[in-house]
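S.K.: Following the hints, put chain E in place on chain H, whose structure we already have.
Protein chains: 2
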Amino acid sequence: MAKPLEGIKVLEIGQEIQGPFAALFLADLGASVTKIEKRRTGDPSRWMFPKMIGGAEAKNPKVSHYFIAMNRGKRSVTLNLRKPEAIEIIKRLTAAYDVLLTNYRPGVLDRRGLGFEELRKVNPRIIFGQASSWGPKGPWTTRPSRDILAQAAAGLMAKTGMPDDPPIPAGAFIADHSGGLSLAAGIMAALFARERTGQGQRVDASIYGTLIAMQSLEINYTSVSGLETQRAARGHQFMRGGMYSAFRTKDGYICIAGVHDKLWHSFCRITGIEHLEHDQEISANVVRNFQGYRIQKIMDEIFPTRTTREWLDDFVKADILATEVADYKQLLQSEQAHVNGYLRHMDHPEAGPITVVGCPVSVGGEPDLHAAPPPELGQHTEEVLLEAGYGWEEIDKLRESEVI
Amino acid sequence: MAKPLEGIKVLEIGQEIQGPFAALFLADLGASVTKIEKRRTGDPSRWMFPKMIGGAEAKNPKVSHYFIAMNRGKRSVTLNLRKPEAIEIIKRLTAAYDVLLTNYRPGVLDRRGLGFEELRKVNPRIIFGQASSWGPKGPWTTRPSRDILAQAAAGLMAKTGMPDDPPIPAGAFIADHSGGLSLAAGIMAALFARERTGQGQRVDASIYGTLIAMQSLEINYTSVSGLETQRAARGHQFMRGGMYSAFRTKDGYICIAGVHDKLWHSFCRITGIEHLEHDQEISANVVRNFQGYRIQKIMDEIFPTRTTREWLDDFVKADILATEVADYKQLLQSEQAHVNGYLRHMDHPEAGPITVVGCPVSVGGEPDLHAAPPPELGQHTEEVLLEAGYGWEEIDKLRESEVI
Numbered sequence: 004m005a006k007p008l009e010g011i012k013v014l015e016i017g018q019e020i021q022g023p024f025a026a027l028f029l030a031d032l033g034a035s036v037t038k039i040e041k042r043r044t045g046d047p048s049r050w051m052f053p054k055m056i057g058g059a060e061a062k063n064p065k066v067s068h069y070f071i072a073m074n075r076g077k078r079s080v081t082l083n084l085r086k087p088e089a090i091e092i093i094k095r096l097t098a099a100y101d102v103l104l105t106n107y108r109p110g111v112l113d114r115r116g117l118g119f120e121e122l123r124k125v126n127p128r129i130i131f132g133q134a135s136s137w138g139p140k141g142p143w144t145t146r147p148s149r150d151i152l153a154q155a156a157a158g159l160m161a162k163t164g165m166p167d168d169p170p171i172p173a174g175a176f177i178a179d180h181s182g183g184l185s186l187a188a189g190i191m192a193a194l195f196a197r198e199r200t201g202q203g204q205r206v207d208a209s210i211y212g213t214l215i216a217m218q219s220l221e222i223n224y225t226s227v228s229g230l231e232t233q234r235a236a237r238g239h240q241f242m243r244g245g246m247y248s249a250f251r252t253k254d255g256y257i258c259i260a261g262v263h264d265k266l267w268h269s270f271c272r273i274t275g276i277e278h279l280e281h282d283q284e285i286s287a288n289v290v291r292n293f294q295g296y297r298i299q300k301i302m303d304e305i306f307p308t309r310t311t312r313e314w315l316d317d318f319v320k321a322d323i324l325a326t327e328v329a330d331y332k333q334l335l336q337s338e339q340a341h342v343n344g345y346l347r348h349m350d351h352p353e354a355g356p357i358t359v360v361g362c363p364v365s366v367g368g369e370p371d372l373h374a375a376p377p378p379e380l381g382q383h384t385e386e387v388l389l390e391a392g393y394g395w396e397e398i399d400k401l402r403e404s405e406v407i
Numbered sequence: 004m005a006k007p008l009e010g011i012k013v014l015e016i017g018q019e020i021q022g023p024f025a026a027l028f029l030a031d032l033g034a035s036v037t038k039i040e041k042r043r044t045g046d047p048s049r050w051m052f053p054k055m056i057g058g059a060e061a062k063n064p065k066v067s068h069y070f071i072a073m074n075r076g077k078r079s080v081t082l083n084l085r086k087p088e089a090i091e092i093i094k095r096l097t098a099a100y101d102v103l104l105t106n107y108r109p110g111v112l113d114r115r116g117l118g119f120e121e122l123r124k125v126n127p128r129i130i131f132g133q134a135s136s137w138g139p140k141g142p143w144t145t146r147p148s149r150d151i152l153a154q155a156a157a158g159l160m161a162k163t164g165m166p167d168d169p170p171i172p173a174g175a176f177i178a179d180h181s182g183g184l185s186l187a188a189g190i191m192a193a194l195f196a197r198e199r200t201g202q203g204q205r206v207d208a209s210i211y212g213t214l215i216a217m218q219s220l221e222i223n224y225t226s227v228s229g230l231e232t233q234r235a236a237r238g239h240q241f242m243r244g245g246m247y248s249a250f251r252t253k254d255g256y257i258c259i260a261g262v263h264d265k266l267w268h269s270f271c272r273i274t275g276i277e278h279l280e281h282d283q284e285i286s287a288n289v290v291r292n293f294q295g296y297r298i299q300k301i302m303d304e305i306f307p308t309r310t311t312r313e314w315l316d317d318f319v320k321a322d323i324l325a326t327e328v329a330d331y332k333q334l335l336q337s338e339q340a341h342v343n344g345y346l347r348h349m350d351h352p353e354a355g356p357i358t359v360v361g362c363p364v365s366v367g368g369e370p371d372l373h374a375a376p377p378p379e380l381g382q383h384t385e386e387v388l389l390e391a392g393y394g395w396e397e398i399d400k401l402r403e404s405e406v407i
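Chains as they are written, first to last, in my numbering: chain H, 4 to 407; chain E, 4 to 407.
Hints in this document: simulated from the structure, not taken from any laboratory. Here the structure is a predicted model, which means the values were calculated and not measured. Treat each hint with caution, since some may be false.
As a list, the in silico DSSO-like pairs of lysine-lysine whose alpha-carbon atoms are at most 30 Å apart [said to hold, decoys possible]:
# : chain 1 : residue 1 : chain 2 : residue 2
1 : H       : 54        : E       : 265
2 : E       : 94        : E       : 400
3 : H       : 265       : E       : 54
Which chain E residues stay away from chain H? Per the calculated CB distances, all over 10 Å, these [stated by the list, open to error]:
# : residue
4 : 41
5 : 86
6 : 282
7 : 300
8 : 395
Cβ coordinates follow ideal geometry from the N, Cα and C atoms, glycine included.
Just chain H, same shape as in the assembly:
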């Protein structure tokens, strides 16, 4: 069966993470994405995080992992949006596209005459996706942001870290990425509705709102109980001690997700703490899993005696919830991630065969195991303009006047 969004054309006026990642998600589900980039410089992700941090030690020092991550399989068109001809080009493309999405700050496209109200005059079926940091309304609407500010404002930072740490963020840009996923989801809802109504709509999704939603369970705890939680330390706001934690082993770290009553006996046998099996202060479920600083200390001594693999072999056999704490090199070897297309193979024109992150969703059964490389800056400018009905002469003129 074809992919679900096959035939859907997406125009992305975005940069960095949220907009591009939303478009990437749609592309993974079958949409074709044309990315509008600034003339000369392009999306900053082409050069940000000095192309390859690590310099000489890096395998592919000129290849942007960041741009690959967000833009694989897209087409690239360069445009100078300060020129009226460029605005005209976007409008002509809009007429033939299904979705226009942006993570430029709310209002920026409007000021250029490319707001939803303008674009729907050109194409009443167009879906206008506005990604934002803080949401379309309210005092912070046009305030710029970064991933870490969303983590700070949405409460996650205050809840992450050991008791003596300053507030620290989750160690990757999960706010930005998840904000992109939200926008993609909203756009698909609007695509569905359009099939029934014939009308495009405006879709708004923000990073701040998404990160709040990603803590629905926890935030509602405070709103309903009136009580503030403490930071998660090694576990979670509700399980700050005990067996819901990572432990150092002989060669790395293992993570245990609590020990169920029915498995406690096996756990004690495997870890050699049979003498503590009936110790009230250790074994009571709530203590063992939620508040057990004593058992945590004991296990901090025991786990380093064997390798992660040795522990895991025994735990998995016994149905005890455990897994390796993987670093990225270990993750990149994960069979589970590869067979499901969460990691994919790419033949990159400069870097050669590499592994890249794929898509967490498959529709219709078979996940993709391969990913297409990202475009060169402006690689498809002519192709896309020709599709939009521009002739070669016009294209030459647009190039001369530095529109494209």
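M.R.: Then chain E, alone, in the frame of chain H:
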């Protein structure tokens, strides 16, 4: 305009987070969700995290914040899926529904005769959404999991924490929540495709895959460069020192997301470090923002001299990227979150008026500011069975034989 999924009927056979949260997201976009729960006990989120941790201090000690968070606005039907009559009921409902989604482990519904292949015989338009911990294929497919194990296996745990901490998780169940968002997105793609093909499809989304995708930028760094990153400490894997960090103030914490070259002068003026403005070891962009342990130490001394509010007033005026590190009580007061419907008002039958987490996406402009309460266990069993064509006598019999 109506909500985009208006008229779409979702049957949720789920519990805890991923399945219920996916259904909730669809509900927020207009779908009507019927939740199937176990007879007597219902979804464990009705009683898990001892209904209200904190006991006597809690405002509403009998109200489950967890169940509210995942199930507001749904209908509840109780069913004993071990009884053949219950399987028959699900099939009859399937005939009239658009989506059936589950986060029971892959294979569980199949063994009860409720797999996608069976259900599409009843309704070829049904979309079957399978949430999972690890994905539909591979060695870990049926291995159970918990949020912290996804964080461990997907690499996030290894990247979160201060250098001397053990690997620690992001402090909320962001893996479980984001896995639910992925499933909702995949289901909407399939709903869209169904409008064009007339056929339902199977949709798979996993927590593990989602958390990998939420680190696309960072994981691709290691795959492309061949270099492992270090944990994020106060900032990010690429920005471990410097001004991308939270700092203690007189009354809390403030978070700064780096200081741009153009704003460095203002920053020095506001914080009173004019004498360091041209100090190479402090001021060079890469040092200041990515690796500046010296400036971090200096600012750790300066920020505690004023309140968060005082600093923010100056920084926001100067366009310096900064925000408060909010705890949940502070977040719950956020005007920005309320006006965008990221937080909503609920009149709860027992707890009275409360604030709950809303939806990060709005389609068509106006966000909802109100949320409907969650159902009582089995509150809609009769209503839903009557809709499915069962008569009162049959319903009585089903109740007698403990099917419902």
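S.K.: Give a verdict on every hint.
M.R.: Against the structure, the hints come out as follows:
no., hint, in the structure
1, 54/H to 265/E, "holds, 22 Å"
2, 94/E to 400/E, "holds, 18 Å"
3, 265/H to 54/E, "holds, 22 Å"
4, 41, "holds, 18 Å"
5, 86, "holds, 25 Å"
6, 282, "holds, 22 Å"
7, 300, "holds, 12 Å"
8, 395, "holds, 35 Å"
In terms of the numbered hints stated before, the structure departs from none.
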